[in-house]
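**Q** The residues making up each chain are set out below.
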Amino acid sequence: MKGKAALKTGGLVALWIVVALFLLFPFYYAVVSSFREGSAIFEASLWPANPTFANYEAVMTDQPFATNILNSLIVAVSVVALSLGLATFASYAFGRAKFKGRRLLLYTILGVSMFPQVAVLSGLFEIVRLFGLYNNLLSLVFSYMIFTLPFTVWVLTSFMRDLPVEIEEAAIMDGASSWTIVTKVFLPLLAPALVTTGLLAFIAAWNEFLFALSFTLTNEQRTVPVAIALITGASQYELPWGNIMAASVIVTVPLIVLVLFFQKKLVAGLTAGAVKG
Amino acid sequence: MSARSAIDKARARSAWVFVAPMLIVLALVAAWPLARTIWFSMTNATLVDLTDYDFIWFDNFVVHADGRWYGIFTDPQWLRALWNTLVFAAVSVSLELVLGVIVALIVNAALPGRGLMRAAMLVPWAIPTVVSAKIWQWMLNDQFGVVNAMLEGAGFIDGPIAWLGGSSLAMVSIIMVDVWKTTPFVALLVLAALQTLPKEIYEAAKVDGIHPVKVFFRVTLPLIKPALVVAVIFRLLDAMRMFDLVYVMTGSSEETMTLSVFARQALVSFQDVGYGSAASTGLFLIIALITVIYIMTLKPLGKEAS
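Chains as they are written, first to last, in our numbering: chain A, 1 to 277; chain B, 1001 to 1306.
Since the hints were derived computationally from the structure, they do not count as laboratory data. Keep in mind the model is a prediction, meaning the values are calculated, not measured. Glycine residues also receive a C-beta, built at the ideal position from the N, C-alpha and C atoms. No false leads were mixed into what you were given.
In the PhoX-like style, the derived pairs of lysine-lysine whose C-alpha atoms are separated by at most 20 Å in a straight line are:
hint, chain 1, residue 1, chain 2, residue 2
1, B, 1225, B, 1199
2, B, 1199, B, 1214
3, A, 4, B, 1206
4, B, 1214, A, 8
5, A, 8, B, 1206
6, B, 1009, A, 98
7, A, 100, B, 1009
8, B, 1214, B, 1225
What follows is a list of derived Cβ distance ranges for each label pair:
hint, chain 1, residue 1, chain 2, residue 2, range
9, A, 264, B, 1013, 36 to 42 Å
10, B, 1016, A, 164, 22 to 28 Å
11, A, 217, B, 1016, 39 to 45 Å
12, A, 51, B, 1069, 56 to 62 Å
13, A, 21, B, 1142, 19 to 25 Å
One chain only, chain A, in its complex shape (with noise of 0.2 Å):
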């Protein structure tokens, strides 16, 4: 009986080891990869022989890709403050008043965030080209929205309905005004959540690729995917794998860092819809 259950945890081991591989050993790669140099990445071998920075100054100095860098942090902070800011006082009043219009009003908004992208792009084209924003980082801070705010909103509301009524009820017998209420009563209460659905956001915005790829021409103005995407060598034929290794490893490990340092409250976001239903 012993013996069966030792080798019952054994397996378990096993296929524990076999998944966390699969998941894992492409970044690995993606690693050893950005350290290799000339002609040394072409061998397909599993670790770096003579590891070398090339890749990395290469990758910053061939085109603007702290630049890069930068918008995509632009963009993606101000979508996230902007969504958060609008959200905020919205879901204060799904999740806490009753007024008609609410329910329909909720599932349109969960049906804006389950739109095809593409489906809205030649409309924005239209407003992007009438305030002269094309290949203007506002172009991307404003189309951001329509995936951003949906998503802050359903998330922030579910959030607010589960705050105590007792506190509010003592703040509006005491005369505070709904403004002082959401922002000195709920928002201090909403901060876990604030950060939580603040930081999928900031992950949605930072990863946007077809807006990007459509409202941006120069590589000046590119956000990162896309200056990732683009980066091309002397040929079609020859793509400068090492640049493009290096400028992965660059732009993913922060976002691994921030995703296992909240990793607990991240998960608790994304099943936070699906388990409730």
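Chain A is already provided as a structure; the job is to place chain B on it using the hints.
**A** Just chain B, lined up with the frame of chain A:
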């Protein structure tokens, strides 16, 4: 009038003020552009000048002229993109669902290091899609890729395989990358559902000596079904609008082109806003149909009733 109902009335009044800014932004960024896309789909507008166009009704969708059929519904390339999208969505979501449940069951075992395992599951999800696409493109490179090198080293293949070079293998590769990237996400959802299950049932089943496989199909699966349905719907909608992975890995290759790639190509690369908008509208209608079916099957939220 009681204090409670006075509060409710005051809240309902201020509710609209609080919702309005968000609604205005959403109208500007979603409703209006969507309406314009649908409008453009019935015009012959081009990207060169969006103000100069004729209204041509449904000619971008289907029209019979000079003895030939035109419009996206008769365009072999659009139909191919539709087929590709359906194949991609059906195969990748099914695989992700089955593998996600298996991985969740494996990881759910109470062994030391479970936290690390869960952390490892977040890594593929945390990597930007474009970066994943590039890493896999490099790993699947026909000449220098590590996948071919490993398969050759192990004696599975004699010569290099052109994974992404214009054959049905390209779609297989793209599905594989999507499965790699998204299975952990599905597994995390399933894991969260598994951890809400009452332990007593499993202890009772163990005492009664019921086979674990039977316990899974009779007890676990029905209990986690709601979480699975949500996961499938979200994955399906995501897969139907797939753009970045395909665009980065195989560009506009016909073997793998999805509806989103087709629409963007018509709209941006060929500057044909009318035709591209028609393609976008077609995709929107398909996705809207899935969404409406999903929302109609949603049970009213318990808290809404009170």
